[in-house]
Amino acid sequence: MNQARLHQELYRQWIASQSQMLSKTLTELLNELPPQEALAWTIRFQRPRSLVAEEVAAWCFEGETVSWWLGGGVDWLAERVGSAVFLSYPEPLAPDPLAMCGLGLVWAEQVSYAPAWAVSRLGPLLAPTAEHSGLKGEWLARLLASWVETYGSVAERHGLERVADWARSESHGVPVDGSWLWPKWPEEATQYFQQLKAGLVPHERHGQSPRDMRAVLLGLAAMTEEEQFRALALAHKAIQSVSLWARWNQNGFEEG
Amino acid sequence: MVLSEPELWQRMEADLDQRLLVTPLLSEHQISGGSVDVRLGTEFILLKRSARGPIDALAMDDMAQDYRERIFIDVGDRMVLHPNQLVLGATLEFVQVPGDLMAYVIGRSSWGRLGLIVATAMMVQPGYRGSLTLELANLGDTPVYLYPGTRIAQLVFHTVSTLTPAYAGQGKYTGPTGPEFSKLSQDPDWKNIRRLAAHAHD
Numbered sequence: 586m587n588q589a590r591l592h593q594e595l596y597r598q599w600i601a602s603q604s605q606m607l608s609k610t611l612t613e614l615l616n617e618l619p620p621q622e623a624l625a626w627t628i629r630f631q632r633p634r635s636l637v638a639e640e641v642a643a644w645c646f647e648g649e650t651v652s653w654w655l656g657g658g659v660d661w662l663a664e665r666v667g668s669a670v671f672l673s674y675p676e677p678l679a680p681d682p683l684a685m686c687g688l689g690l691v692w693a694e695q696v697s698y699a700p701a702w703a704v705s706r707l708g709p710l711l712a713p714t715a716e717h718s719g720l721k722g723e724w725l726a727r728l729l730a731s732w733v734e735t736y737g738s739v740a741e742r743h744g745l746e747r748v749a750d751w752a753r754s755e756s757h758g759v760p761v762d763g764s765w766l767w768p769k770w771p772e773e774a775t776q777y778f779q780q781l782k783a784g785l786v787p788h789e790r791h792g793q794s795p796r797d798m799r800a801v802l803l804g805l806a807a808m809t810e811e812e813q814f815r816a817l818a819l820a821h822k823a824i825q826s827v828s829l830w831a832r833w834n835q836n837g838f839e840e841g
Numbered sequence: 365m366v367l368s369e370p371e372l373w374q375r376m377e378a379d380l381d382q383r384l385l386v387t388p389l390l391s392e393h394q395i396s397g398g399s400v401d402v403r404l405g406t407e408f409i410l411l412k413r414s415a416r417g418p419i420d421a422l423a424m425d426d427m428a429q430d431y432r433e434r435i436f437i438d439v440g441d442r443m444v445l446h447p448n449q450l451v452l453g454a455t456l457e458f459v460q461v462p463g464d465l466m467a468y469v470i471g472r473s474s475w476g477r478l479g480l481i482v483a484t485a486m487m488v489q490p491g492y493r494g495s496l497t498l499e500l501a502n503l504g505d506t507p508v509y510l511y512p513g514t515r516i517a518q519l520v521f522h523t524v525s526t527l528t529p530a531y532a533g534q535g536k537y538t539g540p541t542g543p544e545f546s547k548l549s550q551d552p553d554w555k556n557i558r559r560l561a562a563h564a565h566d
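Protein chains in written order, with the numbering used here: chain A, 586 to 841; chain B, 365 to 566.
Chain B extracted, bound-state conformation (with noise of 0.2 Å):
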């Protein structure tokens, strides 16, 4: 069941372990008809053309500084997206969801109109805490400026039935403040894949 906007406003007041928490939110207009408008954060992980190599997901830290900087730009300055170029941005807000609720972000098809697509993990779950990673992409032929403090996705708040927050089992979990670079060679596949490609290669 989807979260009604006074829901979302009861929510917002619960006991600390239980808050829907989306902080700082700058307009209490952000939350209308039952969602949740997220803003584009001031840090970046930029992508750049490595002169080394491909991204390998079973070495991802070798090369991290040939291919990625991270830079701040403050509310009121601007950069500049171009064409086919992907940058790693966070929510400005800082969010926990509770136990018996998950989230879906969505991206604002206004900004998709002008080929900036807002993609993300699209579901958060039960239990998470921190800022949101969001890829954004350039898909248009003309470059766009991305501003900080603009409203770029909506969150969309869903009851769970079953109460078995995702991150349970880790104590005092807390995410990022800001974006964070793929964790895909953490995945616990990636011993068993070493495991092959060494054989493969003997």
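Isolated chain A, as found in the complex (with noise of 0.2 Å):
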């Protein structure tokens, strides 16, 4: 045997004996995918989950029929296999929500229609999500030109005067199509701020949950990044918490 056919067997050795911890649907995914790809993927599939990163993707991704994997990595990283879409995202952001959402940012840019879901789903929360990704492109930046047009004022009144002016100096070309409906600014934002900054998990009255995942991720937009670094845990409390109030309560489930 020569090396080459030796490394050969080695690396499918390897890649078979790795994929008995993966799940069967995913590895049969993977065997679409050339071997070196597939030995990328598979060891970013097996680094530690990341809670803010899951609870953060299944929120972007709800309502939209794609079936979605995620892996730790070094960088931001959307590949479509099959009717499904490898996601990595460097994993050290992993903590920050707002970063987490750029995994619906690369996402969207294998999409035809990556505008109008990042309109709707992240609205007011693109800006933010764009400055904590790092994420940069020529979509993206005529997106930012349309924020600013249509919340930078709006921006500016709730303490996030810092954000816009880095979106102010991150647009550029043609704002995105005007006749898209952004969605309206979240007053809550505010009162999540508050609470935050006092060291609470945002809560509603009496301690219920939040029940907007975009107002809570404003109200720690709104921090400086010193109080975001300690506020980080306290805003992914409150987003696990609005998934599970949703889940708790459907089907208008009353417990006695």
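Be careful, since some hints might not be right.
Chain A is nowhere near these chain B residues, computed Cβ spacing over 10 Å in every case [said to hold, decoys possible]:
#1 Met365
#2 Thr387
#3 Arg413
#4 Ala421
#5 Leu422
#6 Phe436
#7 Met443
#8 Met466
#9 Trp475
#10 Val482
#11 Met486
#12 Gly504
#13 Leu510
#14 His522
#15 Thr538
Restricting the straight-line Cα-Cα distance to at most 30 Å, the calculated cross-link-like pairs of lysine-lysine (DSSO-like) are [unchecked claim]:
#16 B:Lys547 to A:Lys782
#17 A:Lys721 to A:Lys769
#18 A:Lys782 to A:Lys769
#19 B:Lys412 to A:Lys609
#20 B:Lys412 to B:Lys547
#21 B:Lys555 to B:Lys412
Because the hints were derived from the structure by calculation, they are not lab data.
The C-beta atom is built at its ideal place from N, Cα and C for all residues, glycine as well.
Both chains are given apart, each in its own frame, so use the hints to dock them into the complex.
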């Protein structure tokens, strides 16, 4: 056996042994990729799972038919594999939910309705997401121009002057079609900002869960970087609560 | 004095720094008869048999990965607690205790009758913020399933006569949002114990 064949066999054995720890569906998808790419994605899928990334991804792809798989890595990456999409994110940024909304942006680049998705799902979160994720691109710059037109002054009124300035500096090109309906800026964001600043998990009256994840994340975005660092776990707890509250109250279930 | 149900609701509407907070409150029925039911959270620290040696409070972080593992079990899923197994969980709820209140944590007897003992630091100090770490042990002979989201304990709030919150000197102290391992090794006494141990080994 020459060295090339030896290595080929070692790679095959390694991938086969690692695949035993992955689900059957995922293994079948990996088999559709060239060996080197399958190897790289296998390593990403074996990294410890990030709850923040998973929860944010679940929110980003709510209502979408896409089947998504997450793996930690060193950079943003999206790859379509059959009917699924493999997504990777910079693992050190995983605790930051604003950065993790970048998963939606890297996925959106793969689909024809990317701007429409970003407008309807991220809406006011677009600029904080672009800033925290560090993602750039022509279509994103145009979207930021549209974000500035739509939310620039509202963002300043809600304490996001720094984000608005950043978005102005990064936006260029023709704004995306203005006929798209950007969602309303959630008023609760200010209340959640104050709660985060006080060292509390964002909540509604009597400790009930927030209803709108965008509002929680906008509250986080309004904080200084130093405050954000301390508040990441609180914001994450609130995000978990939003999703849990929705599942708990499905079908009008009421606990006695 | 123990806070009554109307007082609990009233305290939950106070200004942020004086607010009694238990969040997320998934059901208003969690507050009843002067106590607040808290639920089992989704994060756990499993304690495993170590192959390398005993836990030494003097050097607790040296072998941490050898005997403990952090896991996540979602609401709707379950984990098994074997006889004589100890696991650290946390309340699903994040709690803020105002500076003029303290709370007692009481495990639910209906779990205790199945062999599941819910122990914790019994007293929650004035000014505390965070989830409460729970020590869950199965003292029965049969494995027990743990279901995150189930009501696991009750908090009973009391007023304190003098306003000296335990966390007042720590600025904007915010506690954990999941279970925490023992901080025994951070006790100031260890400095002396280490010094004496060094002399004993000379």
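Inset, instruction - Report the numbers of all earlier hints that the structure fails to satisfy, in ascending order. - result: Numbers 2, 6, 15, in rising order.
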